[in-house]
Each structure stands twice: as C-alpha cells, then as structure tokens.
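In the order they appear, the protein sequences are chains A and B.
Heads up, the first sequence is in my numbering, so the first residue is 1 and it goes up one at a time.
Heads up, the second sequence is in my numbering, so the first residue is 1 and it goes up one at a time.
Hints listed in this document are in silico derivations from the structure and should not be mistaken for laboratory results.
One or more of the hints may lead you astray.
What the hints assert, rightly or not - Straight-line Cα separation of at most 25 Å, DSS-like style, residue types lysine-lysine; simulated pairs:
{"#": "1", "chain 1": "A", "residue 1": "K245", "chain 2": "A", "residue 2": "K200"}
{"#": "2", "chain 1": "A", "residue 1": "K2", "chain 2": "B", "residue 2": "K240"}
{"#": "3", "chain 1": "A", "residue 1": "K213", "chain 2": "A", "residue 2": "K237"}
{"#": "4", "chain 1": "B", "residue 1": "K216", "chain 2": "A", "residue 2": "K88"}
{"#": "5", "chain 1": "A", "residue 1": "K213", "chain 2": "A", "residue 2": "K171"}
{"#": "6", "chain 1": "A", "residue 1": "K2", "chain 2": "B", "residue 2": "K242"}
{"#": "7", "chain 1": "A", "residue 1": "K213", "chain 2": "A", "residue 2": "K2"}
{"#": "8", "chain 1": "A", "residue 1": "K260", "chain 2": "A", "residue 2": "K200"}
{"#": "9", "chain 1": "B", "residue 1": "K216", "chain 2": "A", "residue 2": "K237"}
Since the structure is predicted, the reported quantities are computational estimates derived from the model, not experimental observations.
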Amino acid sequence: MKEGFLIGGGLIIAGLILELCVGPVVWTVFSWPVNGIVLAGFLTVIVGMFLLRKRVFAFRFIGTRQAAIPTLVYAVILTIVMGLTRQKSLTPGSSLMGEGSLWINYMLNFWPFVLIYVYMAVILGVVVLKRFSKPRWYRSTHDIAFLLNHLGLFLAMTTATLGNADMQRLKMITVEGEAEWRAMTQEGTLREMPLTIELKRFIMETYDDGSPKRFASELQIQTESGRSIRATVDVNKPVEVDGWKIYQYGYDTQMGAMSKISILELVSDPWLPLVYTGIYMMLGGAVCMFIFGGRKKIVNPQSSDSK
Amino acid sequence: MVTWEQFIYFAIAAVLLWAVGAWAAWREKAAMAYTSTIAGLVVFFSFILMMWISLERPPLRTMGETRLWYSFFLPLAGIIVYSRWRYKWILSFSTVLALVFVCVNLFKPEIHSKALMPALQSPWFAPHVIVYMFAYAVFGVATLMALFLLFWPHKLGGHKGLNRGMSGDCSDPQPPNLRGLDDLVYVGLAFMTFGMLFGALWAKEAWGHYWSWDPKETWAAITWFAYLIYVHYRQIPTHKPKLALWVLLISFVLLQMCWWGINYLPSAQQTSVHTYSS
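Kindly generate the complete structure, drawing on both the sequences and the hints.
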C-alpha cells in the first residue's frame with residue numbers, strides 16, 4: 001500500500017508545481033471538440049496501461065486495491081479541505097482568482113485535487129478492463145455488480161467532468177405578453193436562443209402564513225422549426241424542448257404574486273445521457289450490493305455465516 | 001389532527017414494545033422479539049403517517065422530522081439484522097439508539113410549520129431522504145458493532161451465542177471475524193448510493209444540474225468515499241482488522257458532518273441549498 005501513497009503524494013506535488021507554473025485548471029477550454037479528443041486520449045491511455053500491465057509493474061499496480069485505497073484516502077482529505085472552506089468560481093473564461101483567495105478556495109480548479117480524481121478514474125478504467133477480461137464474468141452476479149459499480153462511476157465521473165464545458169445555462173427574463181428569444185449567459189452576455197418564449201402568466205401561490213407554495217409560468221414556446229408548444233413550468237417541473245430544459249428560476253420579488261415578469265433558466269447539457277447511463281449503472285450496482293452483498297459467498301460447511 | 005403534542009404517547013408505547021422485543025431476544029424468545037419489535041414499529045410509523053396527513057406533506061423537512069424517521073429505521077435495521085444473524089444484543093442496541101433520538105425530539109421539540117417550499121415539492125423528496133435515513137441508521141448500528149469489536153471484543157467473544165455468525169470459522173486467523181459487520185456496511189452503502197443518486201436525479205429537475213458541489217453534496221461524497229475505503233480495505237487479505245474498524249468509526253464521524261454538521265459550518269452558510277429549516 002506504501003507505493004499507492006507514494007504515487008498519490010507524487011501527484012499532489014506535481015499538481016502543486018503545475019498550479020505554480022500554469023495557474024489553476026481552466027475547465028472552459030475543454031469545450032467540444034477538445035473534450036472529445038481528451039476523452040479518446042484518456043481511454044487510449046487506459047487501454048494501453050491495461051495491455052502493458054504484464055510488462056510494467058506500475059500499470060499492474062494501478063489495477064489493485066492497494067492503489068485504490070490510498071487514492072480514496074487522498075480524495076477524502078482533499079474533499080474535506082473543500083468541504084471546510086468557502087468555495088468560489090473563477091472569473092468566467094479566465095484563470096483569475098479573487099483577491100485574498102487561496103488555491104483551496106478554488107478546489108475544482110486546484111491541480112492536486114483534479115489530478116487525484118483523474119487518477120481515480122484511471123484506476124477505475126483499468127480495473128474495469130481487468131474484470132471484463134476475466135473469463136465468464138457475465139455468469140457471476142458478483143462480477144456484474146462489480147462492473148456496474150465501477151464502470152458506472154467511471155462513466156459518470158469522466159463524462160460529467162469533460163462534458164461540463166459544453167453545458168450551457170442561460171437566464172431569460174420574460175415579460176407577460178411579450179415574446180423573448182434572447183438570454184443571458186453566465187459570463188453576462190446576451191445570446192440569441194433557438195427558442196422564442198412568451199410568458200402568458202406568472203403564477204405565485206402562498207400558504208396561509210405567507211410562505212411561498214408555488215411558483216410557475218405559463219409559457220408559449222416557438223421552436224426554430226416552427227413548432228408551437230404551450231407549457232407550464234413549475235419549480236421542480238422543467239419542460240424540455242429541442243434539447244433545452246426550461247426551469248422556473250425567479251420573478252419580480254418586489255411585485256410578488258403580481259409579478260409580470262418571470263425569470264427562466266435554459267439549460268442544455270449534451271453529455272447528460274452518458275452521465276445518466278453511469279448513474280443508472282451505479283443504481284443497478286447498488287441494487288446488487290443490497291441483494292447479494294459485496295463479497296463472494298464462500299462455500300464452507302463449517303462456517304455458520306456463509307449461508 | 002395529530003401534532004407533536006401527542007408524540008410522547010406514541011413514543012412511550014413504541015419504545016416499551018421495542019424494549020420488550022430486546023429483552024425477548026436476550027432470552028432467546030425469537031417469536032416474541034419479532035412480534036414486539038414489529039408492533040413497536042407499527043405504532044411509531046402510524047404516528048409518522050398521521051403527521052404526514054395532518055401536515056399535508058411528508059414529515060421530512062426539519063431535523064426533528066428526519067430524527068423521527070431515524071428512530072423508526074433503527075429498530076427496523078435491528079430486526080432485519082436480527083432475522084439474518086440472530087445477534088442477541090442487536091435489538092438492545094437499536095432500541096437504546098432509537099430512544100436517544102426519541103428523547104431529543106421530546107426535549108428539544110422544534111416548531112414545525114405546514115409550509116413546504118416549492119423546491120421540496122417533488123416526488124424525489126421522500127425517497128431521497130428516507131433512503132438516506134435508513135442508510136444512516138444501518139451505519140449507526142454498524143458503528144456500535146465496530147465500537148464493541150474494538151474496545152470490548154472479549155465481551156462479544158466471551159458470551160455464548162453473542163458472537164454467533166461473527167467468528168463462525170474457527171480457523172480464521174483474524175479474530176474477531178468482521179463478516180457480519182461487512183454485510184451491514186454493504187447494506188448501508190447500497191442505500192447511501194441510492195440516496196446520493198436519487199439526490200442527483202432530483203437536483204437536475206430542481207436546480208438544473210445533477211451535481212454542483214454544494215456543501216451537502218461535497219460532504220456526501222466524502223462520506224461515500226470513506227465507506228468505500230472500508231469496503232476495499234477489508235478485501236485485502238493482509239489487512240489489519242483494528243484499522244478497518246477505525247476507518248468505520250471515522251466514516252461515521254464524517255457522516256455526522258454531512259447529516260447535521262454542515263448546518264454549523266461557517267463555510268457552508270448561505271451557500272448551501274440544503275439548509276431549509278432556517
């Protein structure tokens with residue numbers, strides 16, 4: 001296990017050096033097609049490590065629990081640092097940190113953090129390939145649970161991270177009776193959307209004590225292809241049109257229930273199906289974990305707990 | 001109309017029934033242990049159900065309400081463990097733990113309003129929280145087992161039948177055998193995974209993204225990884241059982257941080273979307 005802690009420690013030192021030399025990780029550079037190329041390269045590296053595992057000790061080691069455990073320990077420690085400190089986001093599109101902020105206030109952009117999680121993904125990838133190469137793996141519930149858990153996490157982690165730069169979240173301010181097709185990006189610039197949305201009515205209901213019960217917007221949505229859709233968007237009930245999920249985001253708080261405007265959030269995340277595939281695999285893995293337990297059942301008539 | 005005022009009657013009845021069940025387990029009266037514990041669960045759940053009806057929303061919003069579920073799930077986890085491995089002491093453990101949470105709710109009642117803010121009105125709300133509470137309860141029981149194995153192993157080993165299922169294999173070179181504990185951790189981990197992923201699916205519907213590294217999410221990830229360390233470490237043949245037990249104890253401390261600790265964490269103030277009760 002010592003080797004594992006050394007590798008992780010080395011990654012953290014390498015990360016610190018990188019942080020000093022090139023500054024924090026700027027995730028926005030990973031937008032399509034860069035993330036596609038990086039993913040292909042990443043998978044190639046993992047397959048290469050798997051194929052060369054018999055010749056290179058380090059690659060053989062990566063597929064072991066002795067490699068996984070120290071990595072998880074480092075991930076826990078770094079994530080605890082993240083959990084104990086106030087987290088901020090970089091100025092959009094740059095590597096600028098706010099004044100008086102430390103590296104640890106930007107954990108998601110902190111090289112040591114990123115490298116440990118990338119290394120975790122490498123371990124997951126190699127381990128999954130190793131298990132697939134096992135003869136008749138599909139006949140063992142234990143192996144299937146293993147693959148669902150590990151491949152699911154690999155898929156969810158990798159595609160969520162790489163796909164993040166392709167995710168678009170824009171705010172659209174709609175006014176009752178007026179058609180709107182422009183929305184504000186996170187960087188604060190206006191953009192024309194492929195959808196035109198008209199607010200028919202903003203709905204706000206309150207409980208007897210005045211606390212909010214319901215926020216919703218009745219919308220008329222026109223797509224580029226000329227389709228016209230009537231929909232009501234509630235908090236917790238977004239509407240999906242042409243790959244865009246439309247959320248109830250805000251309203252004119254001064255006017256309250258009389259608000260004539262409604263702020264919508266439009267979200268597009270083209271990598272979502274891949275992330276969800278990973279999540280559903282992990283859910284399947286958790287079902288297996290619950291039913292079969294994690295370990296192999298050892299057949300031993302003398303043992304009372306191997307029933 | 002059921003309110004917190006009536007909680008004490010249901011609580012006393014349920015705890016008494018659970019105590020009788022725990023006593024019956026020590027006396028090896030399995031049928032009585034089942035009947036009494038389950039009766040207690042029914043009494044307790046009927047209170048939850050009536051609260052649900054009178055609040056017109058699932059009672060899952062405040063810490064007091066989640067403690068209600070926790071007190072319910074502890075004896076439930078206990079009776080499931082009992083049915084599988086027949087540990088005599090497990091029902092006593094779960095009853096005492098449930099009693100602690102019942103007492104907290106009795107002595108530190110929180111004012112509960114009917115209002116359920118729009119962000120919480122989702123079909124994901126109940127499964128997300130209930131599944132997590134069950135996982136926490138199972139891990140609570142696992143932590144108690146770990147404490148006993150770590151500090152009073154002779155007690156577990158010395159009493160006849162106490163260690164049944166725990167060291168069934170006499171040739172095992174690493175007494176005490178932690179297999180029973182492993183099974184518990186796997187159940188807890190499975191439910192924790194459900195809770196976390198249900199949360200992710202819900203977050204996508206409510207906030208537009210499935211994972212935003214909100215302080216609650218960050219601590220959920222930490223806790224999840226910590227239990228994964230235990231699970232993986234236990235699979236190494238040359239592992240040290242005591243260290244494994246310590247990992248389990250530390251994981252439970254991290255879990256407390258995730259459950260309620262972040263409410264007191266300066267870095268999480270105003271940034272967490274999970275602090276509803278304030």
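To see whether the hints hold, each was checked on the structure:
1. Restraint check: the Cα-Cα separation between K245 (chain A) and K200 (chain A) comes to about 18 Å, which is no more than 25 Å; the hinted pair holds.
2. A threshold of 25 Å between alpha carbons decides the hint, and for K2 (chain A) with K240 (chain B) the separation of about 15 Å falls inside it, so the pair holds.
3. At most 25 Å may separate the alpha-carbon atoms for a hinted pair to count; K213 (chain A) and K237 (chain A) meet this at roughly 14 Å.
4. For the hint pairing K216 (chain B) with K88 (chain A), the CA-to-CA distance comes to about 16 Å; that is within 25 Å, so the pair holds.
5. At roughly 23 Å between alpha-carbon atoms, K213 (chain A) and K171 (chain A) fall within 25 Å of each other, so this suggested pair holds.
6. Simply put, K2 (chain A) and K242 (chain B) have alpha-carbon atoms about 19 Å apart, close enough for the 25 Å limit, and the pair holds.
7. Restraint check for K213 (chain A) and K2 (chain A): the C-alpha separation of about 56 Å exceeds 25 Å, so the hint is violated.
8. With a C-alpha separation of about 9 Å, the suggested pair K260 (chain A) and K200 (chain A) falls inside the 25 Å cut-off, and the hint holds.
9. With a CA separation close to 22 Å, the supplied pair K216 (chain B) and K237 (chain A) stays within the 25 Å bound.
Hint compliance for this structure: hint 7 alone is broken.
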